[in-house]
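Asks: Top line first, the protein sequences correspond to chains A and B. Counting with the working numbering, you get residues 144 to 433 for the letters of the first sequence. Counting with the working numbering, you get residues 144 to 433 for the letters of the second sequence.
If you are wondering where the hints come from, they were derived from the structure by calculation, not from laboratory data. If you're wondering where the values come from, they're calculated on a predicted model, not measured in any experiment. Backbone N, C-alpha and C fix where the C-beta goes; we use that ideal spot for every residue, glycine too. A few of these clues could be false.
Residues from chain A that face chain B, not an exhaustive set, calculated with beta carbons under 8 angstroms [claimed, not checked]:
| # | residue |
| --- | --- |
| 1 | A164 |
| 2 | F166 |
| 3 | T167 |
| 4 | L175 |
| 5 | Y176 |
| 6 | T269 |
| 7 | A275 |
| 8 | V279 |
| 9 | D287 |
| 10 | A289 |
| 11 | G290 |
| 12 | V299 |
| 13 | M302 |
| 14 | A303 |
For each label pair, taking beta carbons as the anchor points, the in silico distance ranges come out as [claimed, not checked]:
| # | chain 1 | residue 1 | chain 2 | residue 2 | range |
| --- | --- | --- | --- | --- | --- |
| 15 | A | F237 | B | V368 | 42 to 52 angstroms |
| 16 | B | G240 | A | E305 | 27 to 37 angstroms |
| 17 | B | T167 | A | E305 | 23 to 33 angstroms |
Straight-line C-alpha distance at most 30 angstroms; calculated DSSO-like pairs for lysine-lysine [as the list claims (entries may be wrong)]:
| # | chain 1 | residue 1 | chain 2 | residue 2 |
| --- | --- | --- | --- | --- |
| 18 | A | K148 | A | K384 |
| 19 | A | K246 | A | K188 |
| 20 | A | K173 | A | K246 |
| 21 | B | K397 | B | K188 |
| 22 | B | K272 | B | K173 |
| 23 | A | K241 | A | K188 |
| 24 | B | K384 | A | K173 |
| 25 | A | K246 | B | K384 |
| 26 | A | K384 | B | K246 |
| 27 | B | K148 | B | K272 |
| 28 | A | K148 | A | K397 |
| 29 | B | K246 | B | K188 |
| 30 | B | K246 | A | K246 |
| 31 | B | K241 | B | K173 |
| 32 | B | K246 | B | K173 |
| 33 | A | K384 | B | K173 |
| 34 | B | K272 | A | K272 |
| 35 | A | K397 | A | K188 |
Protein chains: 2
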Amino acid sequence: MMENKELLSVYVRNIEDYLQACFTEELPQKALYESMRYSLLAGGKRLRPVLTQAFCALCGGAPETALPLGAAVEMIHTYSLIHDDLPCMDDDDFRRGKPTNHKVFGEALAVLAGDGLLTHAFARITMAKLPAEGVVAAVRTLADCAGEDGMVGGQVLDMAAEERQCTEEEVRAIQSRKTGALIRAACLMGVIAAGGDEAQMTAAGTYADCLGLAFQIRDDILDVVGDAALLGKATGTDAHKNTFVRLYGIERCKEMVAEQTRSAIEALAPYGASADFLISLAQSLVDREM
Amino acid sequence: MMENKELLSVYVRNIEDYLQACFTEELPQKALYESMRYSLLAGGKRLRPVLTQAFCALCGGAPETALPLGAAVEMIHTYSLIHDDLPCMDDDDFRRGKPTNHKVFGEALAVLAGDGLLTHAFARITMAKLPAEGVVAAVRTLADCAGEDGMVGGQVLDMAAEERQCTEEEVRAIQSRKTGALIRAACLMGVIAAGGDEAQMTAAGTYADCLGLAFQIRDDILDVVGDAALLGKATGTDAHKNTFVRLYGIERCKEMVAEQTRSAIEALAPYGASADFLISLAQSLVDREM
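Whole structure, please, built from the sequences with the hints as guidance.
Replies: Structure below.
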């Protein structure tokens, strides 16, 4: 266990150092760089680039090879948070305890900082030391997972579903795109960085889908428990949110998290002890309290 | 001349047909596709994808090969217009005589339609039937020209320069990024689609930079002349805009357009008659009235 924790902190430090070095050039559009870095370096678990490095290592690559790809996924994740927080979207003033991007830099610059991070993600992939075929596969994977039938599509479905009760199928369609797709991209790009084979891609895809679902359901549970704690009530539910908790209740959701985590771990069975880190990562997400 | 006009309409029809076929899948996030198509198919000169096809042909490629790349540039151009028109940016209600995207679909969907088009541009490049090295070069070219030190950077510089008088150097820094960079991407990606050589890349870059500058100065002139005509005044000037007209006046600007057009044409001298279309295109932009 201790070893996995150390590896996690190595992966987190790798990506923090890598991102720190981005957008540091002295250019006239300084304000844009400040705004991009403000959100990109605002912390967070760095789950996605950790997954990218871990899958690269699982498939026999050096985790450092995967850093430009992991950074690209994190840039996409960051831009989506900046745009999500805008007044015309969720209208949030704070994120991770800090004022949101548009609160500090204004709405116009927040829109452009998001656009800049989204665009740069694809430039960043081309900086990876990989065969051209690998770069192309990574670009396509990230664009598909982040785009109109991936993350952006999920946002639109989520908006459209507000104020009405969705079926399980609909909630899954929203969540698999809105949060699942980018976790999928992160895992697949790790395999791509290592030049992995079809079987490894399939295993990574299954692990990602199960982990993404477990992660989302766990988030829903924490939201409700957190709200309940804050409000001093026995249960809290947000009637406007289409969550698994609203569909099934907390107890069944806890079972679902455990089931999905087991399936994620099973997908890595063929890799034996070399999958230890990814197994322990999946387990730690079941138990996380924030 | 007639032949060049016919070729222009072939190139325009090629890209219109290609774009028509995009985002037609039946998916739950239908509203997103409608919003993306609303702006993507709203007409316009299609200058950028015409340039991509023409440079591909100049370098011995089939213009159709370049269509995914031309479409990608047009998607980037379209997203930038959608985000530009938002209330927090230029706050425009109409574009090309039609209500702007957010006026029809709401601000949240307009932000997401822009994000979707921007992301899909990179997926689209990977669909080109090119060697992997060509795809990588195209992704890098487009991302660099559209990103934080290209178009997005130019927007930020332009915003920062509002309400104050810029030097020529500053106006050039803004315009070369804000409109020049994407025209450059369009021309270079045509050469890339044809598998062109270094000399062809250099010629395309010079042509693009001169054409982009001529195009922008001509735009500035038309703005002023248009405003003057509308207002019934002899001259019109927008004191809040950093344009070449404000720096030099209309007469000098007309000379500059002619100079830049000549330089654009000179860059293609080594290609003789096969550059006829691109030469005629540059000349037609000098004389355009809209």
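Asks: Need the list of violated hint numbers for this structure, in ascending order.
Replies: Numbers 1, 3 and 18, in rising order.
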